[in-house]
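Participant: Letter by letter, the chains look like this.
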Amino acid sequence: MYTQGLLHGKDEDRAAPEPAEKLAAFQARIDSEDKIEPNDWMPEAYRRTLIRMISQHAHSEIVGMLPEGNWITRAPSLRRKAALLAKVQDEGGHGLYLYAAAETLGITREEMMEQLLVGKAKYSSIFNYPTLSWADIGAIGWLVDGAAIMNQIPLCRCSYGPYARAMIRICREESFHQRQGFEIMLTLCRGTAEQKAMAQDALDRWWWPSLMMFGPPDADSQHSDLSLRWKIKRFSNDELRQKFVDATVPQGHFLGLTFPDPELRFEEEPGHWRFGAIDWAEFRNVLAGNGPCNRQRLAQRRDAYEGGRWVREAAIAYAEKRRMQAAAE
Amino acid sequence: MSGTCEGAAATPALQDYTLRLADSALILGHRLSEWIGHAPLLEEELALGNLALDLIGEARSLYAYAAEIEGKGRSEDDLAYRRDAGQYRNLLLVEQPNGDFARTTARQLLYSAFAHPFWRALAGSRDEMLAAIAAKAEKEAAYHLRHAGEWLIRLGDGTEESHRRAQAALDELWPYTGEVFERDAVENRLIADGIAPDPAALRPEWQRSVAAVIAEARLKQPTSGWMQSGGRSGRHSEHLGHLLASLQFLQRAYPGASW
Amino acid sequence: MSETPMPLWEVFIRSRSGLAHRHVGSVHAADAAMALQAARDVYTRRGEGLSIWVVPSDAITASDPAQKDMMFEPTASKIYRHPTFYKVPDDVGNM
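So the protein lines, in turn, are chains C, A and G.
Note that the working numbering has the first sequence beginning at 1, numbered continuously upward.
Note that the working numbering has the second sequence beginning at 1, numbered continuously upward.
Note that the working numbering has the third sequence beginning at 1, numbered continuously upward.
Hints were generated in silico from the structure; no laboratory data involved.
Just so you know, these numbers come straight off a predicted model, no measurement behind them.
Heads up, some of the hints might be wrong.
[What the hints assert, rightly or not] In silico contact screen, one side only, chain C against chain G (beta carbon under 7 angstroms); selected entries:
1) PRO38
2) ALA100
3) GLY106
4) THR108
5) SER236
6) ASP238
7) GLY252
8) LEU255
9) LYS321
Heads up, the beta-carbon is just placed ideally off N, CA and C, and yes, glycines get one too.
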């Protein structure tokens, strides 16, 4: 999901021409739902698209730890503290599985980290928004993880084996994330007037950014074709976005909350919730680095990485010393 | 159900003792959770998260038991979120700030090298609940000890910089290692009742574990001078107040709310 | 900004006695002891493991992919194309 909205790069078309028979054979494998594995022949564009998509998905997971991690020390009960810590840790784990999957395509973890930290790699725009209250933790679990699940399940059938397998593992672990978020919202909405206001305020701030997670409208995403043909991406942005809205609006009404969209209304035929215009200028701005937290998120990841360099160097130095000692014996 | 504590007089002592263990576990778990988003390696983010979760889990079991012993209907959250620093009973060692990764690792080693034999001894307690909690915690402490030990060895015997930081960490935390072996009236009472182990009896094993790691890490064991103390009686460092202000904020700001 | 890369290790977990080890993914660690710990921390958080194997990724040799009609060069190769699996002499320059 985190990458659904980011697949509008142009690299796919710049590959050197490859033999037609190989391309056709490859497409035939894709069409018959064969899994492509690391040592199989694949078009350069396929490889590059996957590296970009998987690494950006991984980056999204580890950057995503930060807005939620912001509230671990202030979690208002021991049960919530433990649950949030476990959730954020899961996200770190998901990032790790995804980096591992990307590495099977010929890129190193270090290269990917560098791309992220110098601002060359993208990650899901949603994590550039601040978590201002405990209710935001509920909103993120409910909306952001809810949106993520929409995309992740189809990705379990992605044509590239290691990515599909990582996604299956991730989906299995995700099951409690969204429920936890919704339960937090429910507790707040059934709580004091202040808590309910907190929950409403969180929905007001997170609703539109959640819709933007699915990426630009299909009409603006010309480069999705190849991703769809190669079964990297399985549904269009608009399809998933509509699915998300249809699932989520009734949940919000159940909570007794209102959505910050005066145009939101149910259309009997064909049974969808129609919503207002998304501010794509905001989306582009956030992607370009001007969101409320872009600099802060990257700075935190950079500080951790740079600040921790001496630790990694120590581990490597120790291993080298022991290796030399063993060789000398 | 609440173990074999003889007589009403034993109950406050048992509750106090259990609270000490709970507080140390929670404060240390909280400190470790502060590393999320800041760790030097993604694998270590996960490891520190695991350690924190283990400790918070231990704390929750212990708070639940402490509340039960007290018998006033308080919950784990009442104990964790509504006592001020002066009422907290954790060791001073665990409230020390994380500092750099060497500081956190040294703190973990010094704590876990005690916790492991401690939980093992407590698993033989005449109090069934404490024994059960201890049996689980022992396994966790064994892993924490190994994890911290392996890292401190690599930091001590890694690069010049890591060696310097590891030595500094040990030197700065050493004065907090005496407190854990103290005994006061509460402990004396429970030791006599066969409920608590004698902490002094655990010192040789602690010393052996710590010395072994220090030696392999090519570090120097600091000379034992004055030891800081006071956690048991609520005399804490300035750090605890700030830590609790953060931990307890929401419950204090919105009294009576459920979360 | 470049540093010596942390070696990559493939992780295999056996979750119950009597079943075989299964490949679950990879971790980065400086040596075997740390790789084992990392594998435990990353891949057994839900109690999945009874036995963990870690193997340096570049120590594994893979068989040829099965498809004969794909017209590639069949060689017994590494399990995947990772930049650090192939040692390039220093005097070749940046690669």
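Participant: If a hint holds in the structure, say so; if it doesn't, say that too.
Facilitator: Hint check results:
For C:PRO38, the interface hint holds, the least distance from its beta-carbon to any beta-carbon of chain G being 3 angstroms, beneath 7 angstroms. Because the beta carbon of C:ALA100 sits about 4 angstroms from the nearest beta carbon in chain G, less than 7 angstroms, this interface hint is met. Hint status for C:GLY106 relative to chain G: holds, with the closest Cβ pair at about 4 angstroms, below 7 angstroms. With its C-beta approaching chain G no nearer than about 5 angstroms, C:THR108 sits inside the 7 angstroms limit, and its interface hint holds.
Residue-level restraint check for C:SER236 is violated (minimum Cβ-Cβ distance to chain G is 30 angstroms; threshold 7 angstroms). For C:ASP238, the interface hint is violated, the least distance from its beta-carbon to any beta-carbon of chain G being 33 angstroms, above 7 angstroms. Hint on C:GLY252 is violated. Least Cβ distance to chain G is approximately 31 angstroms, over the 7 angstroms limit. The interface hint given for C:LEU255 is violated, since its Cβ lies 30 angstroms from the closest Cβ of chain G, which is over the 7 angstroms cut-off.
Below 7 angstroms, beta-carbon pairs count as interface contacts, and C:LYS321 has none with chain G, the closest being about 10 angstroms; its hint is therefore violated.
In this structure, the hints that do not hold are numbers 5, 6, 7, 8 and 9, in rising order.
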